[in-house]
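There are 4 protein chains.
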Amino acid sequence: MDVEIIFEERPELRDPIFVEGLPGVGNVGKLAAEHLLEEIGAKRFAVVYSKYFPPQVLVEDDGTIKLVRNELYYYSREGDAGPDLILLVGDYQGLTPEGQYELSSAIIDLCTDMGVKRIYTLGGFGVGKMVEEPRVLGATTTLELVEEMKENGVIFSRGEPGSGIVGASGLLLGLGHNKGIEAVCLMGETSGYFIDPNAARKLLLILSKLLDLELDLAKLEEKADQIERITAKLKDIEKMEKEGSFEDLNYIG
Amino acid sequence: MDVEIIFEERPELRDPIFVEGLPGVGNVGKLAAEHLLEEIGAKRFAVVYSKYFPPQVLVEDDGTIKLVRNELYYYSREGDAGPDLILLVGDYQGLTPEGQYELSSAIIDLCTDMGVKRIYTLGGFGVGKMVEEPRVLGATTTLELVEEMKENGVIFSRGEPGSGIVGASGLLLGLGHNKGIEAVCLMGETSGYFIDPNAARKLLLILSKLLDLELDLAKLEEKADQIERITAKLKDIEKMEKEGSFEDLNYIG
Amino acid sequence: MDVEIIFEERPELRDPIFVEGLPGVGNVGKLAAEHLLEEIGAKRFAVVYSKYFPPQVLVEDDGTIKLVRNELYYYSREGDAGPDLILLVGDYQGLTPEGQYELSSAIIDLCTDMGVKRIYTLGGFGVGKMVEEPRVLGATTTLELVEEMKENGVIFSRGEPGSGIVGASGLLLGLGHNKGIEAVCLMGETSGYFIDPNAARKLLLILSKLLDLELDLAKLEEKADQIERITAKLKDIEKMEKEGSFEDLNYIG
Amino acid sequence: MDVEIIFEERPELRDPIFVEGLPGVGNVGKLAAEHLLEEIGAKRFAVVYSKYFPPQVLVEDDGTIKLVRNELYYYSREGDAGPDLILLVGDYQGLTPEGQYELSSAIIDLCTDMGVKRIYTLGGFGVGKMVEEPRVLGATTTLELVEEMKENGVIFSRGEPGSGIVGASGLLLGLGHNKGIEAVCLMGETSGYFIDPNAARKLLLILSKLLDLELDLAKLEEKADQIERITAKLKDIEKMEKEGSFEDLNYIG
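Protein chains in written order, with our numbering: chain A, 1 to 253; chain W, 1 to 253; chain Y, 1 to 253; chain E, 1 to 253.
It is worth saying that the hints were derived from the structure and are not from the lab.
Model, not experiment: these values are computed from the prediction.
Do not take every clue at face value.
As the list claims (entries may be wrong) - Selected chain A positions facing chain W (in silico; Cβ < 10 Å):
#	residue
1	Glu4
2	Lys51
3	Pro54
4	Val57
5	Ser105
Stated by the list, open to error - Distance condition first, Cα-Cα at most 27 Å in a straight line; then the derived DSS-like pairs of lysine-lysine:
#	chain 1	residue 1	chain 2	residue 2
6	A	Lys150	A	Lys117
7	W	Lys179	A	Lys43
8	E	Lys179	W	Lys66
9	A	Lys66	W	Lys179
10	W	Lys179	W	Lys150
11	Y	Lys66	A	Lys150
12	Y	Lys66	A	Lys117
13	W	Lys150	A	Lys66
14	Y	Lys43	Y	Lys150
15	W	Lys117	W	Lys43
16	A	Lys233	A	Lys219
17	E	Lys150	W	Lys66
18	W	Lys43	E	Lys179
19	E	Lys150	E	Lys117
20	E	Lys66	Y	Lys117
21	Y	Lys179	E	Lys66
22	Y	Lys43	A	Lys179
23	E	Lys117	W	Lys66
24	E	Lys43	Y	Lys179
25	E	Lys235	E	Lys223
26	E	Lys43	E	Lys209
27	A	Lys66	W	Lys117
28	Y	Lys129	A	Lys179
29	E	Lys66	Y	Lys150
C-beta: ideal position from N, C-alpha, C; glycine also.
So here's chain A without its partners, still in its complex pose:
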């Protein structure tokens, strides 16, 4: 069982678009993909097990276990209501470089089998400092896609990300391109210090246009507000530390 994809259903989809959102910087891609999945009510059709995942089961609140895995969902639409979708989500990526390649190769094989027309991978772009207005950066497999994405508000900025794109969000582009599938990586700008629902929200604003979907982003806004309140408090603490407000406390303590 190098990589095993167990199908629960074999949905018939028309030229589906594939969306990946696995854990990564700020968990931006994971947050975005899981929000998308919930909002559109996508249906699970397959699970992915692999020896390249951690050798572990998770224990659910009801006492039952779940073997570490990724999950595949689909969302199909009538006639002209927009393209059908496949979503890849999960709590883990492959543990080793070789595992990353094996897993992404298996997913690209599935994309080929299911006639996937385009891949969007969702990730975070860590900048190491607080970001007020996160940009959505892009990278694609073709120049035509660069233009198309620019028209939809995606930023292409020379040297960002300088180190390339590591993991599934990168490999699905590279391996997909080798199999003739066009692909785009959308990266929400994030500090990388916290999970970042705000970057995920910005990312979904663009993705929903690209996928012709109307999404309610209220839950992500709520989560973003929570995170903001926490970081604001942390900033206050930091400020007080700098101004020496804690010195008195130390005196007493």
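Once you've looked at the hints, dock chains W, Y and E against the given chain A.
Leaving out everything else, chains W, Y and E in the frame of chain A:
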């Protein structure tokens, strides 16, 4: 020889129950399984060798060597005397995540071949502090099993273990479930600081009921007493250190 | 996809000579091979992908991605104008020892298929101190080649390199020799502290003679001058530090 | 090329005895096997290459390279002059646990093919302190062999080595035993701080009796004397340090 199971005998068993007890937190599972094995006089029928174990032989007291391995035992009973058993014990688990998956997959294949009906994996649940009355926590593959285990005194506590179950005790549940075998992990609560015969004893109290076995737990109690005397002494030393009783000694020394 | 070589063209070459220049000490081999490639206008005919490379895509300035890979180029010449060439370049070597073997084995298979007559691998020989006049050291698969290289100015110095040659530059010799292909490793002496275009230049002075090529090395000289200016500044700074010139600054600061 | 054994000759041997001496604690096994090989003038008949060795070539004094490898030698004797021998020597063992298993498995396959009757693996037993009169400790695959070895001066001491035998010297016993080949590990007692020709000499004193060979051990004695002179000097220095003889020097310096 990725994973090689060498059979010494091919026992005919009726719907056997499989019990795993390999090394882990507090060696609770190993202690329990090995005590069970001795008390019922189970018979070895196969050994498991693998390149995923340490590349090492152990030297016995008589000067002969033993290649690192796991061992499989069976215990068969007449008529209604209770279910037949298979036990998996050993000094090592797989060294790498991939090795863990390969070894547990091979064991699940064996379970399928031998018609195993249910799997119990035994482990420790480390809480990082001394435990007076260890609970036995559980995780299972189905909700029905959760209920059955609760009736037998197993505790299911939301968020325990929060990090899931790592290694063979977890994988045998996950991989077994995928092959349609029902499975339960029983975890004896333990500090994790010492090998913990008391947690193993509590675990066997429940397991013996589940397996319809009468077990003499005197040896485990003895071992538990020994450990308790040692930890009591360590506590005394710690107490004296806190109270400064050693300062005088330092004075003299 | 352990190692996948995708051909874009199948050039017909006469007894080609194979030249490898992948990243390594001071990037001497990479600099030399890439300069050679540009100067002769070699043409790409294949790319090498592998799960032994980092699981990563690089983002180009135009926003498109490039899956981590090695590349194969060829250069064919009319009649007596000198031997045909194959060049191997890229940004990465295999991540693991096993990956190194798998990649170099695949390359040697390609060499056998394409009738390669001789292999030159290009590398750096790190000496851990600044080098004014870098030597070009050699190692070969046969004694006859040692003599031939000596006649072309290559230095063979007992105990250099004492630790052997690690990575593709070494393996292509060893694995090539096992398949009956003669091979030479040319190592430009370098501090190993910086990328070293000067060592690459010296290496190409010899290689161009061996390959019967006229190469313009002006660009490498330019790069070497740049590096020299930088290192000269660093030396000044070091000197000032030793002489205490910074103490005054500290006083002020 | 997981493990590749390239034969240069196919010697016909009668029930040969296999002797392994690869690098390890104090290089005792390697020193002993290589001395044995030289003294009897054994002839190389095969080389072992593997992706589990370091990805490296060694450079010989004449400028030619040698791919990292192990080597197999044989020594055949007329009629009753004693058993034929196969020797395994080399500069490296497998880099990873899995590599160790793969390499030793390949060697055991070769032993089976060549009708090997018994295996001796040679190693060091590190005790972490200087040893005046090194013992030769043993471990075997059968109780009969324990007795036979005791009669030849090999020591069997309960709990030594407590941690078992790691690497080829252990695996060849374990894997050999599984294939029905009897095997003995002989371990020369050594501090483990230096390469230890004296432990190797003691080991060969016993092995030469077991193999019915007359060996000149003068060269090993010489090497042992050299090491002894070095360690004696180190002891002097240590003594002086303890006695404070260096304090005066510090005073001056």
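Hints, one by one, checked against the model:
1. Glu4: holds (8 Å)
2. Lys51: At about 3 Å, which falls below the 10 Å cut-off, the nearest Cβ of chain W leaves the hint on A:Lys51 intact, so it holds.
3. Pro54: For A:Pro54, the interface hint holds, since the closest Cβ of chain W sits about 6 Å away, which is under 10 Å.
4. Val57: holds (4 Å)
5. Ser105: violated (16 Å)
6. A:Lys150 <-> A:Lys117: holds (20 Å)
7. W:Lys179 <-> A:Lys43: holds (23 Å)
8. E:Lys179 <-> W:Lys66: holds (14 Å)
9. A:Lys66 <-> W:Lys179: Judged against 27 Å, a Cα distance of about 14 Å means the pair holds.
10. W:Lys179 <-> W:Lys150: holds (24 Å)
11. Y:Lys66 <-> A:Lys150: Cα-Cα ~19 Å, so holds.
12. Y:Lys66 <-> A:Lys117: Holds, at about 20 Å.
13. W:Lys150 <-> A:Lys66: Roughly 19 Å separates the two Cα atoms, so the pair holds.
14. Y:Lys43 <-> Y:Lys150: Status violated; Cα separation ~31 Å.
15. W:Lys117 <-> W:Lys43: Status holds; Cα separation ~20 Å.
16. A:Lys233 <-> A:Lys219: holds (21 Å)
17. E:Lys150 <-> W:Lys66: holds (19 Å)
18. W:Lys43 <-> E:Lys179: At roughly 23 Å apart (the allowed maximum being 27 Å), E:Lys179 and W:Lys43 satisfy the hint.
19. E:Lys150 <-> E:Lys117: holds (20 Å)
20. E:Lys66 <-> Y:Lys117: holds (20 Å)
21. Y:Lys179 <-> E:Lys66: holds (14 Å)
22. Y:Lys43 <-> A:Lys179: Judged against 27 Å, a Cα distance of about 23 Å means the pair holds.
23. E:Lys117 <-> W:Lys66: Holds: E:Lys117 and W:Lys66 sit about 20 Å apart, inside 27 Å.
24. E:Lys43 <-> Y:Lys179: holds (23 Å)
25. E:Lys235 <-> E:Lys223: holds (18 Å)
26. E:Lys43 <-> E:Lys209: Between E:Lys43 and E:Lys209 the Cα gap is close to 21 Å, so the pair holds against 27 Å.
27. A:Lys66 <-> W:Lys117: holds (20 Å)
28. Y:Lys129 <-> A:Lys179: Roughly 48 Å separates the two Cα atoms, so the pair is violated.
29. E:Lys66 <-> Y:Lys150: Holds, because 19 Å separates the two Cα atoms, which is no more than 27 Å.
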